[in-house]
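Trainee: Residue-level listing of the chains:
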Amino acid sequence: MTQTLTPWDKVQLARHMQRPRTLDYIRGLCEDFVELHGDRRFGDDAAIVGGVATFEGRTVVLVGHQKGRDARENMRRNFGMPHPEGYRKALRLFQHAEKFGFPVICFIDTPGANPNRESEERGQANAIAENILTMAGLKTPIIACVIGEGGSGGALAIGVADRILMLEHAIYSVASPEAAASIIWRDAAKAPDAARAMRITAQDLLELGIIDEIVPEPSGGAHADPTTMVATLGDAIRRHLNQLLAFDIETLLQRRYERYRAIGQYEEDASGILHTVN
Amino acid sequence: MKELIQRSRKSFTVVQSIEADVPENVWIKCPSCRELIYHKQLAERMKVCRCGYHMRLTAREWLALLDEGSFVEYDAHLRPTDPLGFVSPKETYIDKLREAQRRTGLTDAVVSGIGSIEGRRLVIAVCDFEFIGGSMGSVFGEKMARAAERAAALGIPLLTINTSGGARMQEGVIALMQLAKVNIALTRLAAARQPHIAVMVDPCYGGVTASYASVADIIIAEPGANIGFAGRRVIEQTIRQKLPADFQTAEFMLQHGMVDMVVPRSELHSTLAKLLRLYAPEGRAAAHKSEPIATALASV
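Sequence order for the protein chains is A and B. First residue of the first sequence: 1, per our numbering; consecutive thereafter. First residue of the second sequence: 1001, per our numbering; consecutive thereafter.
One chain only, chain A, in its complex shape (with noise of 0.2 Å):
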């Protein structure tokens, strides 16, 4: 069955509603999960979920996209699209982690960041930015798991890290398809041909070199099996934790460093070394 998923069909199955969200994975996997709540500057956005958790014996930051299981719940978490609240309480988060020395777990799992007015008069650019930079420089590991949709600026918010794992039927994307499609050929419809030609798979990820591992979902998908799905993911952060341990502080922002520079694609020819003068 897998061999036969087009792109399009693996957006249709990063989005299904009964896919494991954030909360089922925490739960799934953690004990005496405290979630955290606030930003402790406007608010306190149900998009995302946080806290405190014990993980295979450990103490760790928790922090997630948190989706609807049904049209109220989705309307109360606004479909994981986070405002700029969202952001600032996992911002807080990160710090908090770094503060005690926790290791930062990151689920992603947004359609993006929520575009309205009210996200920009809060500033959603500028709450997205400075995640991006504290996460840049964050003095303790993360791991960033995508779940389900990776959707642009509202996923690399809470997506900068030392490792990045994605499930096998998820998508990452620098913007949805349907707004690919209407921004590159002005028609919406064509999103099947933009999920093709943004190569957004977890397969095109780790051929680009963006992620580290995919992490197979069980037959018919993670929906199939929400058991054996977390206990696989689980698997995969407990080893990618132990490595990242392994590394003191100072080695582990360098390697972050390089890894995040070294991103993109581009020729550089000798010649050019000489400076052109204005």
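No lab work stands behind these hints: they were computed from the structure. Small disclaimer: the values here were computed from a predicted structure and weren't measured. Here a beta-carbon is modelled for each residue, glycine too, at the ideal position from N, C-alpha and C. Hints should not be assumed to be uniformly reliable.
Partner residues aside, some chain B positions facing chain A, computed with beta carbon under 10 Å [said to hold, decoys possible]:
hint, residue
1, S1032
2, L1036
3, K1090
4, G1137
5, A1192
6, P1195
7, Y1205
Use these hints to put chain B onto chain A, whose structure you have.
Mentor: Same frame as chain A, now just chain B:
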């Protein structure tokens, strides 16, 4: 967030077509008040109409902020490629790049280098909206990251002039990751305790505002510039909200605490000079030791 590229491009096309109709482009019509302005007069006023409308400048035009003859371009040899092998039923990404390169004379949407303002050296990086909507791809990200690292290594401030519709769709998730790349490079600048001054000009959206521009130490916006995360059209279409007329203008951003100041173009040079005096009081002295720059940069 990138929808704005098209909205803005329409008004851009209007300007261009009017220019094309007027012999030798000597008269330019203000897109705001529709008055015809003689091109020399407009150039003298750095393309600001009498009505106060700030017309867009190309990256090269922005370099006029620097001391005459002080600008040395770096990284001009970085050229974009097609990392995804982007499949498009219409023009390929490579065709799109070639067309933009031919039309603008640039290799990609950022021009960067070292120059000085009133003798104080700084690293400057300027976006060009005419190059595929100033969109942020690999070359854009690499040039910005190198600019930040260079400023850190040389111990001089970083000035960015920002205009962009957002990330470059045709480079997919690689474009998205440029946000992280530039921000991580900025951690070096912070460690070197050198300021990043960001000037946001019309229009400034998406990936640029969601990364380095919004975390600058000082943020200056041009009057009337549209600045935000998601474009007005995206918000109106997806959320169906009614938006106030001044939504996402520089003044709106000032009112909501997102920028430090709104500075008319006529006062931008003096504002930057004042800031450089405050943050780089030793900058002038350092400028005299300019010979070893090339040597220092070879290791940057």
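Trainee: All the hints need checking, so say for each whether the structure fits it.
Mentor: Hints versus structure:
1. S1032: violated (23 Å)
2. L1036: With a minimum Cβ separation of about 30 Å from chain A (threshold 10 Å), the hint on L1036 of chain B is violated.
3. K1090: holds (7 Å)
4. G1137: Given a least distance of 8 Å, the restraint on G1137 of chain B holds.
5. A1192: violated (14 Å)
6. P1195: violated (15 Å)
7. Y1205: Status holds, d = 8 Å.
The earlier numbered hints that this structure contradicts are 1, 2, 5 and 6.
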